[in-house]
Each structure stands twice: as structure tokens, then as C-alpha cells.
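Number of protein chains: 2
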Amino acid sequence: MVEWYNKALELAEIVDGRYPVRGTFVWMPYGLKIMRAMIREWDALFQKNGIEEVYFPLLVPIEYAQKNEEWFNGFKDNLYYVSSLREEENLILRSTGEPAMYPIFELWIKQGKLPIRIYQTVSSFRYEGRTTHTMIRDREITYWYEIHTVHKTREECEEEVERHTRMHDYLWREVLCVPPIEVRRPPFDVFPGAEYSIENFTILPDGRLLENGSVNNLGQAYAKKFGLEYVDEKGDRNYCWQVCTGNGARYIVAALLLHGDERGLVLPPRIAPIQVVIVPIYKKRNKDAVIEEARKTDLFLSKNGVKSCVDEREDATAGEKFYLWEIKGVPIRIEIGEEELKSKTLTIFRRDTKMESVVAKREMLRRVSSLLKEEIPNTLHKTADEFYKSKIKYSDEIGKAMKWIKNNGVAKVNWCEEKKCYDDLASLEQGIEPTGTLEDEHRMGHCIACGKKTPKLSLIGRTY
Amino acid sequence: MVEWYNKALELAEIVDGRYPVRGTFVWMPYGLKIMRAMIREWDALFQKNGIEEVYFPLLVPIEYAQKNEEWFNGFKDNLYYVSSLREEENLILRSTGEPAMYPIFELWIKQGKLPIRIYQTVSSFRYEGRTTHTMIRDREITYWYEIHTVHKTREECEEEVERHTRMHDYLWREVLCVPPIEVRRPPFDVFPGAEYSIENFTILPDGRLLENGSVNNLGQAYAKKFGLEYVDEKGDRNYCWQVCTGNGARYIVAALLLHGDERGLVLPPRIAPIQVVIVPIYKKRNKDAVIEEARKTDLFLSKNGVKSCVDEREDATAGEKFYLWEIKGVPIRIEIGEEELKSKTLTIFRRDTKMESVVAKREMLRRVSSLLKEEIPNTLHKTADEFYKSKIKYSDEIGKAMKWIKNNGVAKVNWCEEKKCYDDLASLEQGIEPTGTLEDEHRMGHCIACGKKTPKLSLIGRTY
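Chains as they are written, first to last, in this note's numbering: chain B, 1 to 464; chain G, 1 to 464.
Isolated chain B (complex conformation) (with noise of 0.2 angstroms):
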């Protein structure tokens, strides 16, 4: 999979992974707009939901980072730390937003400003120590989203995780047509200071798990750490309670593994830079007519709202344009020769299932927009879906869960939520983890640590 994932990403210019930096690398145009359409996805979803865009510096006092005596014992060995020549500057580089973010929010508390609820896109540090791997593991992550909100009651703040899951669902099925797995992580294994935490993970072609984007209720811990209190009707001073979710470049990790094939990329389309290729098969005496007609097409649908363009490169043959737009993920190629123009048709070949079909002319935006919406979005969920099932197997034994993980995938099994249980399914092996609750699916059975009862099911697996 790294291999099929490093080649992937070279071949159709996803990024370039030769920067002296590790852990670091450059998006390259192509990687690049994939990424801004996420975003765009992002930007419209939390500004519907009002959720307001702030930006927040990079270079965070140090103090402010040690409010939080948890948070900084947590991060510190994984910080860089900045200075100037010229002054003594006790700054680090952000690593997550909340020592930039909430001693400024006490301010906006008292200047009346509750509920807070802003997110930020932007770069995060962290120094790794183990293996880098690109948009899964980097020392600048890149393009980082955080949410941040305040509140002035635990109901709210509820509401508000409920919230940041559905939006979290929305970005998976809708965006990136991918299954999401949510999972309930045990209050012992959270996010420094939270009471708990929604995790999502994906499963990868190589059977481990991604942790992939994360909602957190803070509950009061940091708000007592920084000092956000609200003064209610009654004049008491009342801590707040806080919520915060973050993800980035994880999401198209998954949807590139998840939906690529041994010929490259397979974009879903509402991330795709371009949705519609054209590529114009001409001879001598036809060449005037065939790219006058591919013009045409690719002035229609871009006017349809469809991201399309016409591959008129004349040091290319056909052959060598299909190969590259396949690589690079395009949903649908539109082909366009003689024998099109006579029978006035198209030849239309779906990325997903290899499919080619003709197509009347005046049939082409109704079905290049189903496909675009519907069809290929819906094959694109059902392969993952069917890949989840395939790497998934319930186990009620843990030598059988072990030796499935070690040869095919992830196991789901019963667990009793209990601290000891979880320490000895992590103590297994080094690399295989539990995850915790699946929010979504109970079934009875018996602690696979311990064999107590219970209704609740854990998935374990390698991680990244």
C-alpha cells in the first residue's frame, strides 16, 4: 500500500516529497486544488452551521501553552520552540489552538461574546519522532482545521458534539464518499483534559486503522485552567464548557486509498479539480472540426456548472492523455472523434467502473450530471462499504481476532469498557490498539478480556 500510496501521489502530482524537511513536503497544483475543494466543503458546512472562520497566530507564548500543566506535559517533547537574534522570545510554534486560542476567548467572554464558536484552517507543528508519512503522519500538518466553541451549560455543549458529528458525517458520505466508523473513546484515552471523545477512523487498503478526525467535549477542564467563567442571571461565577474538533489532509488521504485502483487515483467527484476531460481523436482533415466540437462540449458543461477542460496538447497521443487523466483520478472522460461527430454522440468512460458509453448529444448533461451526483458517488460508497466488510470480522476469541488482524484486517469484538480490559487488549502488541466504543452497531456478547456481558462492541487493529 505505502508503495502503491507514494507512487499514487508522485505520478498525478499530489505532492512533492523531495523537500529536505521531514515529516514536510510541497503540495503541487493538482494535490493542491483537491485540497482547496475540501476546504471549500469545509467553509460552506461550518458557516451554515454558524461557525465563524478567525485566524490565530502561530507563534504562541510559551506561557500561555503552559497553562495547561496536561496539555504542555503532553505536547512538550514535541514542540519546536522559536527565537530571534535580536530579543529573548519564549515562544513555541502552534501545535494544537487552544493555548493561542483561549486566553483571548476570556476576553470576548467578558466583552459578552458567549457562545464562541469559531473554527481556524491552518498549519500545526508537531516534532515527530517515528516514521513520517505524507498527510498521515507529517511534522507540518498542513491545511489543519480546528473548531473551537465555548458554552455557558453542559447541554449545549452536548448539542454541540451532536452537531460536529453530523457535520463530520456530512464531509465523509456526501464529500468523500467513504463509510465513516465512529467510536466512542474511553474517558482514559482522550484528548488531554476531555471528558470524551468521537473519533473517526478509516480503515486503509493495508487492513490499519486511520485515526481520522476527532470531536472532543472538554467539559469544564480547560476553561478552569484558563480561567473562561460567565457570570449567569444570578451573578455567580460559572465555569464554561467547551468543544473542539480538528482534521485536515486525512480526509483525502482516505478517499485517494480508499477509492483508487491499479491505475491511479479515482476521484470522488465534488473534490475532483476536473470532473470532465475531453479529449479530442482526430486525423489531418478532421483535426478543425473534432476540437471545434470538443470546445463546444467544454464550454456547455463549464457553463452547467461542471469543472471540465479539453486535453488539446498535440504532443500527446490519445492513449497517453488516457493514461494520464486515469492516473490522475478525473471521474469521467468524454471522447470525441469522427465517428462522434458523425452520429452526433459521445463517448463517455466513467473512471470508477472502466465503463464506456455512447451517449446522444443532447442526452450529455442530463447523464454527466447523474453520474457526477449520483452514480459514481453511490459506486464509489458501495466498494468501500464492501472493502469495510471485507477487512471486518467479529471475533469472540482473541487468538482468532490476533491471527485475523495479522492476516487480513481489523477485528471487532466485545468489551466491557472497563480500564483493565482496554490496558490488555493495547498490551497485546506493540502496534495494535483498540479503539474504543462503535457508536453505531451493539451486539451481545461476552468482554473478550475478561468475559464479562455486554451489548458493546471495540474494533482492534495496527494503527498508524
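Keep in mind that the hints are not guaranteed to be accurate.
A pair holds if it fits inside one copy or across any two, identical chains being indistinguishable in the list.
Calculated pairs, BS3-like style, for lysine-lysine (alpha carbon to alpha carbon, straight line, at most 25 angstroms) [as the list claims (entries may be wrong)]:
| # | residue 1 | residue 2 |
| --- | --- | --- |
| 1 | K48 | K33 |
| 2 | K303 | K373 |
| 3 | K110 | K7 |
| 4 | K373 | K33 |
| 5 | K296 | K48 |
| 6 | K361 | K321 |
| 7 | K307 | K48 |
| 8 | K321 | K113 |
| 9 | K406 | K420 |
| 10 | K110 | K321 |
| 11 | K373 | K296 |
Because the hints were derived from the structure by calculation, they are not lab data.
Mind docking chain G on chain B? Use the hints.
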């Protein structure tokens, strides 16, 4: 001016200046929407001109920065150095793009990718010893774009400079409604290593000059330092030719300061997050009808591509609403009340001229479009033009010029383009500097420093 500026930034909620790291600030939602609108404008413009967006990391190896010792010596006292606890890091934070990009360009050129034409929008970091001003002189320069291009010939390079200059012009005139002042910087006072620079200046309300976007013809200077060579048809190795351009939030500074008035901001329509605010004015008995009409109007405008909203707040009077949206610089306010309902009209208030007029409902869209696309931009242009005229005065004698600069604004003087004369003018008084030669204006006269006859003109004035 500083007082107006800081007050306007705060009251209109553009930024929060209370972030405790000097030279940095928080972008608030409304301010960031203005900045994002500006970024969308340059994204569209650059990509239409075939310049593609990329992302290079913020962490840059010091050895890369040292490849051009002129660059390094110029910047080293103003760099931020980055380290981690676990590993010796020889990293700096991105200050300008060259050190990060050009070693990778070397690889791209070997892959046959000439010409390279890319840009990046990203934070840049400079330790500033001088007084910092929000968006004018920051230590974290947020949303800074840089275009970098690499070419085979000097001619291609010149064409690119020309194209960049036209793009700057477009952004100034069409988007920001500010007349550009283009100056050719003398070769002895340009970006380290450049052959020449075209610099844009704006004159702020206090009569001081602000550098606002430059196009640098780098010639072959950087190509020689970074080994950017290509092999021509004859098999000979040649150094490449390069151009770089950059600007960022200073665009916004100019627009805010030049168009604003005693009531607050006056936003150019294309960067206004809200172009039309609808204020319903009702009593209890007609509340429902008025609000319904306001919502319909909003929906109708939104459907027609106008960024509109209704201010339905119950806890604010109409007067308070007027006051807020005037501070925030919303170009058009529509008032709907009993009178308007009865007569099927709307009352339209223009923020720029502060004039109200009554318009028939069926005329509204035509009227609003004309205001946003023509009339308001024209007025903003005209006002800025007149302001510039009032601030710039031709002088043929150094004493008169200095008096004008001190009491009014910027002097326009003849100069012969000799280094000695430039230095003489630059050393007249701390903080007063010549700009270099005006691109679009000539006038025969005598160099104000040496008396030699010349048609060349320079501005001279206090600078930021």
C-alpha cells in the same frame, strides 16, 4: 490617522489586537471575510493567467537560506530560528519564498518543467525591530502571496514582469478602487539580487507613503546562486531568468484607510462580505409583513448573486443597526417599513455618498447592480484620486519640497536617476525617502539634487 485606523479595526471587528505576541494579531470573522474575498480575487486572477497555486513548507533549512549570501545577510537579523528538544534542527521560519522554493525548482527544471509559474499564499515571518502596525508591519505577515516564475530567456522574463504589473493594476483599480502609483526602483535599492523592481505605493491619509506590492525582475542572480540551469537545443547549459512578486494584507490597509470616513469603513463592493444589509423597520402591528418583505428581498438579491442579509435582531433599534453597518462599511443599506410596503418601494442608502433614495421594487435589482458594479466603485475611485491630487505637489526646489512633505504630504520632483542624487535625497531627513522613478508620468525639469535636465520624476515623502 493611526487612531482612526486602530479604532476602525476594533469597532468594525476586523482584528483583535490584544494577542500578546508583538507584531501579531487575531483576524476576526468579519475582517477575515474581507481578506478571503481579496484572496479569491487574486486566486482567480493568477489562475486565469496560468499561474498555479502550490504550498511550500514554513520550515526552511538554514543551509538553503545561505545559498544566496546576499539574501541571508540581508535577512539574518530578522529571521526566526526553530528548534526542537529531541533533534538538532537547523531550521528557520519562512521569511520569503526563495530559499524554500528554488532548490526544488532545480529538480523541476531537470524534469523539463520550464517555464515554472507558481504562487503561494502563506504566512511569512520577520522579526521587526521597528514599531509594528497591524497589517502594515507585522512579525507574522499573514496571507502573504508570492508569485515566482522561472524562464529560459530574458524576453520571457520581461513579458512576465509586464503581466504581473497589469495584474497588480487590475487588483488596484477593479477590486480595491484605489489608483495605483507605479514606480521603478533604482537598481541600487531593490530586493537583494534583483535587476530592477516595479513598486506600487499608496499614500495613506496622514500623507505617508506605503510600499504596496512589488514586481522584481531577478535576472539571473538567484539562478546562479541556486544552480537553476537548463540545457538548450545546442546542448549548452544556461542560467534561467526569474521574476517574483508579492503582497498581502496591505491591499486591505489601503482600501480601508483611503475609503473610510468619520462614520467608519467604506468597503469596495468586491471585497465586502455583506454588500447589502436590509433593515426592517416595523411596529408591533406590521412586524410580520415587514419582516416577510425583508426576507423576500434578501432571497431575491442572494439568488441574483448579491451578498445580502437581513438584520433581524430584536434587541437593537433601527438606529443602532444603521450605526453598526455604517461602521462596518456595508456598501448599501435597504430600509423596508410601512411606507415602502404601501408604495411598493425601497429606501436605498449608499454608504459612500451617504445619500438616500427611494426606488420602485421592480427597479431594485437593476439599481443595486449598477451601484455595486459602477456607481460606488466610480465614486471611491474619484475620491481617492482627488485625495492623491491634494497630497502630491510638484516642487522644483528642495526647501519647498521639504516644507510640503512636513505640512501636507508627498512631493513630486525631477531626478536624474543617479545613485548620488538618490542618496542625497534619502539622507535629507530620517524617515523621508524618494520612491524612484514614476512609471506613468514624465515632465521636463531639473534634477532637484544635482540640477541636471531630466524628464524623470520621483515622489519623495515620509514612509512607513
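So, going through the hints one by one against the coordinates:
1. For a Cα distance limit of 25 angstroms, the shortest separation of K48 from K33 qualifies both inside one copy, at 22 angstroms, and across copies, at 14 angstroms.
2. Taking the shortest alpha-carbon separations for K303 and K373, both the intra-copy value of 17 angstroms and the inter-copy value of 22 angstroms come in at or below 25 angstroms.
3. For a Cα distance limit of 25 angstroms, the shortest separation of K110 from K7 across copies, 19 angstroms, qualifies, whereas the shortest one inside one copy, 52 angstroms, does not.
4. Proximity of K373 to K33 under the C-alpha cut-off of 25 angstroms is restricted to the intra-copy arrangement: shortest distance 19 angstroms within a copy versus 29 angstroms between copies.
5. Taking the shortest alpha-carbon separations for K296 and K48, only the inter-copy value of 19 angstroms comes in at or below 25 angstroms, while the best intra-copy value is 36 angstroms.
6. When the C-alpha separation of K361 and K321 is checked against a cutoff of 25 angstroms, the pair qualifies only within one copy, where the shortest distance is 22 angstroms, while the shortest distance between copies is 53 angstroms.
7. Taking CA atoms no more than 25 angstroms apart as the test, K307 paired with K48 passes in both settings, with 24 angstroms inside one copy and 14 angstroms between copies.
8. In this homomeric assembly, K321 and K113 come within 25 angstroms of each other (Cα to Cα) only across copies, at 18 angstroms, whereas the closest approach inside a single copy is 55 angstroms.
9. Taking the closest pair of Cα atoms, K406 and K420 come within 25 angstroms of each other only inside a single copy of the chain (23 angstroms); across copies the shortest separation is 77 angstroms, beyond that limit.
10. Taking the closest pair of Cα atoms, K110 and K321 come within 25 angstroms of each other only across two copies (22 angstroms); inside a single copy the shortest separation is 60 angstroms, beyond that limit.
11. When the C-alpha separation of K373 and K296 is checked against a cutoff of 25 angstroms, the pair qualifies only within one copy, where the shortest distance is 22 angstroms, while the shortest distance between copies is 30 angstroms.
Against the hints set out earlier in the document, no violation occurs for any number.
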